[in-house]
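A.B. asks: Residue numbers (the numbering used here), protein chains in the order written: chain A, 1 to 202; chain B, 1001 to 1240; chain C, 2001 to 2252.
Hints are supplied without guarantee of correctness; some may be wrong.
What the hints assert, rightly or not - What follows is a list of derived Cβ distance ranges for each label pair: (1) A:A21 x C:W2227: 28 to 36 Å; (2) C:R2163 x B:K1008: 36 to 44 Å; (3) B:K1212 x C:P2063: 29 to 37 Å.
Rather than coming from a laboratory, the hints here were simulated on the basis of the structure.
The C-beta atom is built at its ideal place from N, Cα and C for all residues, glycine as well.
Chain by chain, the residues run as shown.
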Amino acid sequence: MHISEGVLSAPVLVTGAAVTAGFTWLGLKRIDYDQMVHVAILASAFFVASLIHVNIGPSSVHLILNGVVGLLLGMAAFPAILTALVLQALLFQYGGLTALGVNAIIMALPAVMVHYLFGAMVGKSAAMTFTAGFLSGLVSVLLSCILLGASLWATDAQFLKTSLAIITAHVPVMIVEGIVTGFCISFLVRVYPEILFKGNRR
Amino acid sequence: MTPIVELKQICFTYPGAEKPVLDHLDLTLNPGDRIGLMAPNGSGKTTLLHTIMGLCRPQSGSIRLFGAPMREEKQFSPVRPRLGLLFQDSDDQLFCPTVLDDVAFGPLNLGASRQGARQTARQVLERLGIAGFENRVTHRLSGGQKRLVALAAVLAMSPEMLLLDEPTSGLDTQVKQTLSDILTGLDISYFIISHEFDFIDTVTDRIFSMEKGRILSDEQIHVHAHEHVHKHGQHPHHHK
Amino acid sequence: MDNPFESGTSFLHGLDPRIRIMCAVFLSFAAALSHYPQVAGAYLILGMGLVRLGRISWQNLKPRVKPLLWFLVMIWIFLPLTFSQEIIANIGGLNLSMAGIRLSIMITLKSLAIVLMFTALIATMPMASLGKAMHQLHVPDKLVFLLLMTYRYVFVIQEEYLRLLRAARFRGFSPGTNLHSYRTYAYLAGMLFVRASMRARRVHQAMLCRGFDRRFYTLDVYSPNRWNLLFFIAMLGAGFGITLIDMLWMYS
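Using the sequences provided together with the hints, build the complete structure.
C.D. replies: Set out below in structure tokens:
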């Protein structure tokens, strides 16, 4: 879910860059070099995993998985997702420099938010874990769409209809993302629960 | 002569496991030793190496490296580069963008200047016959090439002893031969874990084994060949 | 997933990476903030020129530009038909907005210009150089470390993923729109994270074994090239010149 270069207005780009810089600084401050390796290699996994595409009816959609990354890394998700976006720009040309700040907010802010919203539910019981995962997946995509729509609308109020169309079009994606995240987190809790405590301080 | 590694009565059990992986284990490695360790999978060989390096702490027992007792991280930290540990999976060990960066990583951490580190790195690559790899990207190398670069990265720190964890796994005969030649040609002690008898036999003087969490030294074990039968035995053939 | 432009012998490949990064940043923003199609067009021409200078073939460029083209198609469908200002016609119940058309033109020119400039200037260097250049440009150490380390393991993890997927396929996995498929993909993704975490532990241990003292070092290698300064000035000049025209038109 990227906004391409050349779409957003100057104030939006600058705000995006500033906010991203702030959150990245916060995220990096909390991680020392020892944890940094963990964050980096998880960011690699996030990058590769987001290339997985699943079928929704006749079309196939890339997994986003920022909910999973948020639950695993907390605030550290910001630099991790930022790095993944930079790599995407370098390897695939999705996005570029100018919209990097805004795109990072769109992807990473929901990730961090679901960590604080649903993180505590994880591990309490199988049902709660799946629910936490499902909600994280759904809400993170929803928030990403809202942020994306908001950036467009802030650029030009006439974007409103387009923004609403984007949000509605993503509803099936939200549900699928929720399901996948639910299963994924349940899997992690069963197979390797330590991973939930490595990237953040809880 | 101070032993390089001295483990006494080491006990280590993984959290949640029933039986200890290392059970009152004793091991002494002296300067000049070239010892191999052959033991079945799951016998705790890698755990042993990690314990020597202080990457996992035993529940009881004592460790001395270079004569000094090792109990805390800050005691292990400065000593680690003096023991060159070669990991089983080279990808875990090559984490810098280019080969030169990786080989220079050790020297830089040990306080060398950029110029000095670069020079040391080049010299080591030259010594192993891979001088042309300087600017290659590590993740694109073949398994054998990665192994050699990892070895270079470890040798660049001028360790006093090498600890090698399955150095020949995944390598073809030619690279194994190169590795064998390099090791025997080096003036350094080493402790090698390997499955491959031929390789270990060539490069080491003594072979140990591990059983029930303890080391069995060469007097206690016996390596022997088995006779077997199969069809077409009279034609030239080769067992791996 | 490799970068085909990384190594090359063009004029651009030989320039100092720091200069290229600074030019890319400056020109991208200048192009993104232009107000007139002629100005954006000028950046597009500049972008095409840089692509030429970097000897980047159309073959290699196509896969990069394709997703952008799809995006632009969506823009052209949505904007002229949903924008509310300057309605010029009505097609079967939908209003056609000139403001929408104008913005679509601008977005098309700008995004293409930026993609071309970025590819020519930044994608033409290996990650190792990019990392070093960023470090020399005083980008925070932790961030550069993060970028280099993440990049390093992307390929390893991708191989792991392909192996896992192949194993699933050999057991008859056939993806579809159903719960079983989603769960399988969830487990695959989960496995990637588990392996990544376990590998991270081993890499960290390897770093400790080589005396890692929590500081970031690079081997600075500077490639002297007398064109560096000239190129830099030329790009700055072009950028400022075009921006100046843009601003003059805006305020006239």
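A.B. asks: Which numbered hints does this structure break?
C.D. replies: The structure conflicts with hint 3 only, although it agrees with all the remaining ones.
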